[in-house]
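I would like the entire structure built from these sequences, with the hints used as guidance.
If you read the sequences in order, they're chains G and F. 1 is the number of the first residue of the first sequence in the working numbering; add one for each residue after it. 1 is the number of the first residue of the second sequence in the working numbering; add one for each residue after it.
Incorrect hints may appear among the rest.
Claimed, not checked - As a list, the in silico SDA-like pairs of lysine to any residue whose alpha-carbon atoms are at most 20 Å apart:
id : chain 1 : residue 1 : chain 2 : residue 2
1  : G       : LYS11     : F       : ARG41
2  : G       : LYS17     : G       : GLY51
3  : F       : LYS42     : G       : ARG110
4  : G       : LYS11     : G       : PHE65
5  : F       : LYS42     : G       : GLY40
6  : F       : LYS42     : G       : ASP24
7  : F       : LYS67     : F       : ASN92
8  : F       : LYS67     : F       : SER52
9  : F       : LYS42     : G       : PRO61
10 : F       : LYS70     : F       : PRO81
11 : F       : LYS42     : G       : GLY3
12 : F       : LYS42     : G       : PHE65
13 : G       : LYS11     : G       : THR112
14 : F       : LYS42     : G       : PRO55
15 : F       : LYS42     : G       : PRO8
Said to hold, decoys possible - Counterexamples of contact, computed for chain F against chain G with all Cβ distances above 10 Å:
id : residue
16 : GLN6
17 : ARG41
18 : LYS42
19 : GLY59
By construction, these hints were calculated from the structure, which means they are not laboratory data. We put the beta carbon where it would ideally sit given N, CA and C, even for glycine.
For reference, the chains in residue letters:
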Amino acid sequence: GAGVSQSPSNKVTEKGKDVELRCDPISGHTALYWYRQSLGQGLEFLIYFQGNSAPDKSGLPSDRFSAERTGGSVSTLTIQRTQQEDSAVYLCASSLPGYNSPLHFGNGTRLTVT
Amino acid sequence: QKEVEQDPGPLSVPEGAIVSLNCTYSNSAFQYFMWYRQYSRKGPELLMYTYSSGNKEDGRFTAQVDKSSKYISLFIRDSQPSDSATYLCAMNWNSGNTPLVFGKGTRLSVIA
Numbered sequence: 001g002a003g004v005s006q007s008p009s010n011k012v013t014e015k016g017k018d019v020e021l022r023c024d025p026i027s028g029h030t031a032l033y034w035y036r037q038s039l040g041q042g043l044e045f046l047i048y049f050q051g052n053s054a055p056d057k058s059g060l061p062s063d064r065f066s067a068e069r070t071g072g073s074v075s076t077l078t079i080q081r082t083q084q085e086d087s088a089v090y091l092c093a094s095s096l097p098g099y100n101s102p103l104h105f106g107n108g109t110r111l112t113v114t
Numbered sequence: 001q002k003e004v005e006q007d008p009g010p011l012s013v014p015e016g017a018i019v020s021l022n023c024t025y026s027n028s029a030f031q032y033f034m035w036y037r038q039y040s041r042k043g044p045e046l047l048m049y050t051y052s053s054g055n056k057e058d059g060r061f062t063a064q065v066d067k068s069s070k071y072i073s074l075f076i077r078d079s080q081p082s083d084s085a086t087y088l089c090a091m092n093w094n095s096g097n098t099p100l101v102f103g104k105g106t107r108l109s110v111i112a
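What follows is the structure, given as structure tokens:
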């Protein structure tokens, strides 16, 4: 079946521009996560959705970052006024509810801010 | 001190070797421990999942958890070039959908 799909796969943008990153989770997965992966920094948690609500936004690095999820499915991560330190791979993962449900990751969006 | 520490490597071994990958952690509340494998330019995929202390074996892979030492390991027997990837440990502290805490990952190369 289809896995987690992220688009675009690569994005190059100029400093100061806004970007939108999209995640299509696996059908039926109610939990959705955004992580950021920078070279040498590992996976950094950004935000978690259960259905359309975000009970945990603690990882968003600044108010330039926001995310939404509609219809319990597609999620969009928006970065406003991008900075060079925002350059990273942004990974989305989804899972079924429950402790034994593994995270299924997409292949990420590689964002480069010039 | 980071919550989860993992040596980033790189680790290079000959084909057929036994590989040992490790993580230490500081939060004694962690109960669920996972290992993910990530190939270049791909997302991580779940490799092993263990709850609390003990061992779990799956084919050539064995995961060990020692909660008293706050130390987890992944062993790969008869390593293959196809095992070349970055291995990330991950853990969390309850059974809900709380975010996993990841190590930085260890890059492994298995040389034919």
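Hints broken by the structure, by number, lowest first?
Per hint list: 2, 9, 10, 12, 14, 16, 17 and 18 violated.
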